[in-house]
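Asks: Chain by chain, the residues run as shown.
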Amino acid sequence: GQSLEQPSEVTAVEGAIVQINCTYQTSGFYGLSWYQQHDGGAPTFLSYNGLDGLEETGRFSSFLSRSDSYGYLLLQELQMKDSASYFCAVISGSARQLTFGSGTQLTVLP
Amino acid sequence: NAGVMQNPRHLVRRRGQEARLRCSPMKGHSHVYWYRQLPEEGLKFMVYLQKENIIDESGMPKERFSAEFPKEGPSILRIQQVVRGDSAAYFCASSQTNYEQYFGPGTRLTVT
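From first to last, the protein sequence lines stand for chains E and Y.
For the first sequence, the positions run 119 to 228 when this note's numbering is used.
For the second sequence, the positions run 27 to 138 when this note's numbering is used.
Hints are not guaranteed to be accurate.
One side of the interface only, derived from the structure: several residues of chain Y facing chain E at Cβ under 10 Å [what the hints assert, rightly or not]:
| no. | residue |
| --- | --- |
| 1 | Gln63 |
| 2 | Glu67 |
| 3 | Gly68 |
| 4 | Leu69 |
| 5 | Lys70 |
| 6 | Phe71 |
| 7 | Asp82 |
| 8 | Ser84 |
| 9 | Gly85 |
| 10 | Pro87 |
| 11 | Phe91 |
| 12 | Glu126 |
| 13 | Gln127 |
| 14 | Thr136 |
Calculated cross-link-like contacts (lysine to any residue; reagent style SDA-like; alpha-carbon spacing at most 25 Å) [stated by the list, open to error]:
| no. | chain 1 | residue 1 | chain 2 | residue 2 |
| --- | --- | --- | --- | --- |
| 15 | Y | Lys77 | Y | Val109 |
| 16 | Y | Lys70 | E | Gly149 |
| 17 | Y | Lys70 | E | Ser187 |
Hints in this document: simulated from the structure, not taken from any laboratory.
For glycine and all other residues, C-beta sits at the position ideal for the given N, C-alpha and C.
Construct the entire structure; sequences and hints are all you get.
Replies: Now the structure itself:
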């Protein structure tokens, strides 16, 4: 089966940089995605890594190391609105199924 | 371009009743996924469908739960004889690429 581990909570201040790590165990690995979810809201897609390396999208970057079964999401210039839950998700199997981690609750303090 | 639509947004059912949740994917998307989320937890995959086909239902409970995505109309997740443990948020997502899924606003099911 698949398993993912990410920290349950992270706290940082406005303007800071925060890194949320994700380690995974899976068979048939295809790629790693990151999603953001505000309380009561729908998850929204942030980024995808199919190959090793860094993907940058504005203030957010995501990294993948397939050999280490490890990835991270980097959030720069934190804003209050970034307070949310962040989920890593492994895409695997012939059906390219998404398996989500339990989520990291990010709290941004003024 | 409308996003993924789900209805109803909130659904209250008594134990033993049927719950029917609907999902209309984004225009042009042929892949539909259903997830369940309990409070303070991550999303759990339930089923992956394409038009008229169930591709992967490995996350679906074996009894009482079924899903379809007909040629015409929305995808439907049906829960028969609901129990209190079925209370959760049910999210639908659609995709063209598998790795980038667009989620609907969810249906909050409460079983009383």
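Asks: Hint by hint, say whether it matches the structure.
Replies: Consistency of the hints with the structure:
1. Gln63: Result: holds, 9 Å to nearest chain E Cβ.
2. Glu67: Holds - the Cβ of Y/Glu67 comes within 10 Å of chain E, reaching about 6 Å at its closest.
3. Gly68: holds (4 Å)
4. Leu69: Holds. Min distance 5 Å.
5. Lys70: holds (7 Å)
6. Phe71: Holds - the Cβ of Y/Phe71 comes within 10 Å of chain E, reaching about 6 Å at its closest.
7. Asp82: Cβ of Y/Asp82 sits 4 Å from chain E, so the hint holds.
8. Ser84: Because about 8 Å separates Y/Ser84 from the closest Cβ in chain E, which is inside the 10 Å limit, the hint holds.
9. Gly85: holds (8 Å)
10. Pro87: violated (17 Å)
11. Phe91: Violated: closest Cβ of chain E sits about 17 Å from Y/Phe91, beyond 10 Å.
12. Glu126: holds (5 Å)
13. Gln127: Hint holds; Y/Gln127 Cβ to chain E Cβ min 6 Å, cut 10 Å.
14. Thr136: violated (14 Å)
15. Y/Lys77 x Y/Val109: violated (29 Å)
16. Y/Lys70 x E/Gly149: Holds: Y/Lys70 and E/Gly149 sit about 18 Å apart, inside 25 Å.
17. Y/Lys70 x E/Ser187: holds (21 Å)
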